[in-house]
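Enquirer: Sequence:
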Amino acid sequence: APTEPPATEEPATEEPATEAPAATEGPEEEPAETDTKRGRAWLIALPAAALIAVGAALLLRKRR
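Taking our numbering, the leading residue of the sequence shown gets 2, the next gets one more, and so forth.
FYI, nobody ran anything at the bench for these hints, they're computed from the structure. From the three backbone atoms N, C-alpha and C, an ideal C-beta is built for every residue, glycine too. Incorrect hints may have been included.
[To be verified] Distance windows between CB atoms, simulated:
(1) Ala33 <-> Ala54: 25 to 33 Å
(2) Ala33 <-> Arg64: 41 to 49 Å
(3) Arg62 <-> Ala33: 42 to 50 Å
(4) Leu61 <-> Arg41: 25 to 33 Å
Could you put the whole structure together from the sequences, leaning on the hints where they help?
Expert: Written out as structure tokens, the structure is:
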């Protein structure tokens, strides 16, 4: 049972990777813009990972 939550966390870490190509589209024009997009990806990834971790913890608590 404890092996299930980590499996659900992996897709959340892969989602920002799909946004990375969008950030690398125009590094020649404005490097600052890529930084903001990278920051935006982190703002999306971190709360998602936190929600998944909290959800997994709640599920494990309910099972006990």
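Enquirer: Hints first: check each against the structure and report whether it holds.
Expert: To see whether the hints hold, each was checked on the structure:
1. Ala33 <-> Ala54: 25 to 33 Å: holds, 31 Å
2. Ala33 <-> Arg64: 41 to 49 Å: holds, 47 Å
3. Arg62 <-> Ala33: 42 to 50 Å: This hint holds: roughly 44 Å between Cβ atoms.
4. Leu61 <-> Arg41: 25 to 33 Å: For Leu61 and Arg41 the Cβ distance comes to about 31 Å; the hint holds.
Violated hints: none; the structure is consistent with every hint.
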